[in-house]
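There are 2 protein chains.
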Amino acid sequence: MNNVLGVVVEYNPFHNGHLFHLQQSVKKTDAHITIAVMSGSFLQRGEPALTDKWTRTRMALKGGADLVIELPYIYSVQKAEIFSDGAVAILNSLGANRICFGSEDGSVEPFYNAVNKINEHKAELDQLMKAHLKQGMSYPKAFSTAFHTLFKEEEIVDLSKPNNILGYHYIKAISKLGAEIIPETVHRLQAQYHDSSLPENPIASATAIRGSLFDKDGDLQGIKSYIPDATFRELADFKNNFGTFAHWDLYFPYLQYKILSEPPERLAGLYDCSEGLEHRLKKAVSETGSFTEFMEAIKTKRYTWTRLQRLLVHLLLNTEQEFMEQYCEPLNPPYIRVLGMTGEGRRHLSSVKKNLPVPLVSRAAEMNHPVLEKDILAARIHSLPFHPKGGLQKEYKAVPVQFDKKTETFLT
Amino acid sequence: MNNVLGVVVEYNPFHNGHLFHLQQSVKKTDAHITIAVMSGSFLQRGEPALTDKWTRTRMALKGGADLVIELPYIYSVQKAEIFSDGAVAILNSLGANRICFGSEDGSVEPFYNAVNKINEHKAELDQLMKAHLKQGMSYPKAFSTAFHTLFKEEEIVDLSKPNNILGYHYIKAISKLGAEIIPETVHRLQAQYHDSSLPENPIASATAIRGSLFDKDGDLQGIKSYIPDATFRELADFKNNFGTFAHWDLYFPYLQYKILSEPPERLAGLYDCSEGLEHRLKKAVSETGSFTEFMEAIKTKRYTWTRLQRLLVHLLLNTEQEFMEQYCEPLNPPYIRVLGMTGEGRRHLSSVKKNLPVPLVSRAAEMNHPVLEKDILAARIHSLPFHPKGGLQKEYKAVPVQFDKKTETFLT
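Order-wise, the sequence lines are chains A and B.
Residue numbers for the first sequence follow this note's numbering, beginning at 88 and rising by one.
Residue numbers for the second sequence follow this note's numbering, beginning at 88 and rising by one.
No lab work stands behind these hints, which were simulated from the structure alone.
Predicted, not measured: the structure shown is a model, and the values here were computed from it.
Treat the hints with caution; some may be incorrect.
Since the list gives no way to pick out one identical chain from another, each pair is judged satisfied if it fits inside one copy or across any two copies.
[Stated by the list, open to error] Distance condition first, Cα-Cα at most 25 Å in a straight line; then the derived BS3-like pairs of lysine-lysine: (1) Lys217 <-> Lys204; (2) Lys481 <-> Lys369; (3) Lys484 <-> Lys369; (4) Lys481 <-> Lys370; (5) Lys461 <-> Lys370; (6) Lys440 <-> Lys263; (7) Lys263 <-> Lys204; (8) Lys204 <-> Lys166; (9) Lys228 <-> Lys204; (10) Lys221 <-> Lys248; (11) Lys386 <-> Lys481; (12) Lys166 <-> Lys386; (13) Lys370 <-> Lys484; (14) Lys209 <-> Lys248.
Throw the hints in and build the complete structure from the sequences for me.
The structure is reproduced here in structure tokens:
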């Protein structure tokens, strides 16, 4: 047991499947320390997290992580490649020598094969994809179609599945970084990432758990058997304080206002708002009255739901194309922000601190960096619907959550 | 009876005092036609109007106006001088030869005296005001103090009272335009513009009426005796459709979001956001949870409540300093937009149409002008809290309200 394990997570919310994954990963990698790089306020699929990141950090620490590090928004609300590059780069800086992700078949070989095969057939793949994109296919659809045309063999992992795509990009990121990290994978217990109904066994997808939560107006009883007690208590506290959980509907008024009040040329300058999308957005905002209606109105064959949701997060956070071009270098994150730690986590941080290539941030007020500013803005905008009376999320002053594993108590 | 009377109004809402003023004005000026120039979605004191402008147009037509014309937002949410210049210029274009406003003593002489005296003593007045402003006084306070120092006589109107200031500026505007308009004034029945408690007689200020309305959660019974039946029905319909009336609290979330999401340098580029106010706004938005708390946090001796409320309207409507510099020429409005008319009003429009210096706009879609675009944006943002399901105010397609005086019915 002297390996440093890294996991890349969103924990929205932390559920039994995550607990199982953590425990299996520690076992498989013989790890004495587990570092979780976690998306902050907004997630990879372009959605607000159910709760603030501090609440999810507590869930992660209780679930077994020793360190919880924030994946900055500029990497987290992005396609799999950027998301993975950012997360792996952070894990690498922190001295992780193992990464363990969930996959359908539990073996890492098919992922390596995919990396190699795709490298070998890059030109053909690109050409096929180009043709598909020209036909108006979305990027993922074009990729998946080209992929299945070129690779029919058994030994290569199916990259049309979202979880496999992430695994593939973790391995690619390790290679790009030249990092000494060994990737591993553990078998995922539930069937599909996108499963939306709750199963009978205690493992359900986060999608299904959120679905049940919102169907039942935030009632937690229906999901109790799928989440650890610690998650249940954190969610119950959040519900108790704020009355509900974050979801797009709560942010739709801000989005309406933003799209309505900005001239089209300014919307067009925001990240990912390309090819005249600004006009679709302007038109749709006048004619629809809910987030779902709005999404239905703007979607086309060309853009996936996820791609559009991400765009809407960037709009909401007022993120300009220029900003992303300047700052989004996921292989070189400008800082490492600690959200939470155990005693072991703190000791590990001390041991790697000297060799860290970038500043370690405990309190946001300690550092002045545009990428960190965006994370703070993200947290504050995330908190807007929840703080009608008391002012906004105090992000600048927040300190990392400290968790004592032996007594199972939070020290901060 | 062949005079064309102009009145400058906000009708928020149209009440018995307005009805009395209209009737007295027609009598005093022997008018056969009454043109009301009315603020649209946002008002001179920097507030959203209780209802959309179409509802208030119907109140005005039922109350006796023959034509209701929109005072564009870029003039209406402004200090008295710009507000008055814009309104009088529109009335002048439409052939008004009388303007009648309410005042405390019912005589127009003291206003003329004020214009003359102030012209004579302009240098002294300016010098005194400059000194007062330097001491940190607000503009109105500096003016009123200087005014009372210089002019103690009985025959000059007291320009420290808001209504008198408007009257004074109407007369100045007539003079600036070289217009052949004779100003008249009728005695106001209620005591003070700012009266906030409801009196026993049937005349109450709009401020008192709105106060009672919001104190009682939109209940109309308490104000019934102060408003005409037509106003009561219009307000009841609005309440029935939308559940409440517009007030700043409903727009506070958009304002919070706007101030939070924009960098300070962009806020500083918005109209009237001068002298580092953007930093006060940014600080206050993090620390307060309601519009009133927010206002209390940003106000200083230097800025009146009204001045700050106007700034917040400009922020909400994303109006840049540059835009105002380019387009705010209140003596030359770029179009005349009809909100409502009677048969007499329509005939009058036909008779003056040929000589109009600018286009007459019935449907907003007919014209493409940045000032009109702003009015449309104002209407749509005003409607944001009221259209959670049905999409936004259909401003482009809206047609003027037509009212048949004989049958007392609306034709559109």
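Now for the hints, and whether the structure bears them out:
no. : hint              : verdict
1   : Lys217 <-> Lys204 : within (19 Å within a copy, 78 Å between copies)
2   : Lys481 <-> Lys369 : between (33 Å within a copy, 14 Å between copies)
3   : Lys484 <-> Lys369 : between (37 Å within a copy, 17 Å between copies)
4   : Lys481 <-> Lys370 : between (36 Å within a copy, 12 Å between copies)
5   : Lys461 <-> Lys370 : between (28 Å within a copy, 17 Å between copies)
6   : Lys440 <-> Lys263 : within (23 Å within a copy, 72 Å between copies)
7   : Lys263 <-> Lys204 : within (16 Å within a copy, 80 Å between copies)
8   : Lys204 <-> Lys166 : within (21 Å within a copy, 71 Å between copies)
9   : Lys228 <-> Lys204 : within (19 Å within a copy, 78 Å between copies)
10  : Lys221 <-> Lys248 : within (23 Å within a copy, 68 Å between copies)
11  : Lys386 <-> Lys481 : between (36 Å within a copy, 23 Å between copies)
12  : Lys166 <-> Lys386 : within (18 Å within a copy, 45 Å between copies)
13  : Lys370 <-> Lys484 : between (40 Å within a copy, 14 Å between copies)
14  : Lys209 <-> Lys248 : within (19 Å within a copy, 78 Å between copies)
The structure shown violates none of the earlier numbered hints.
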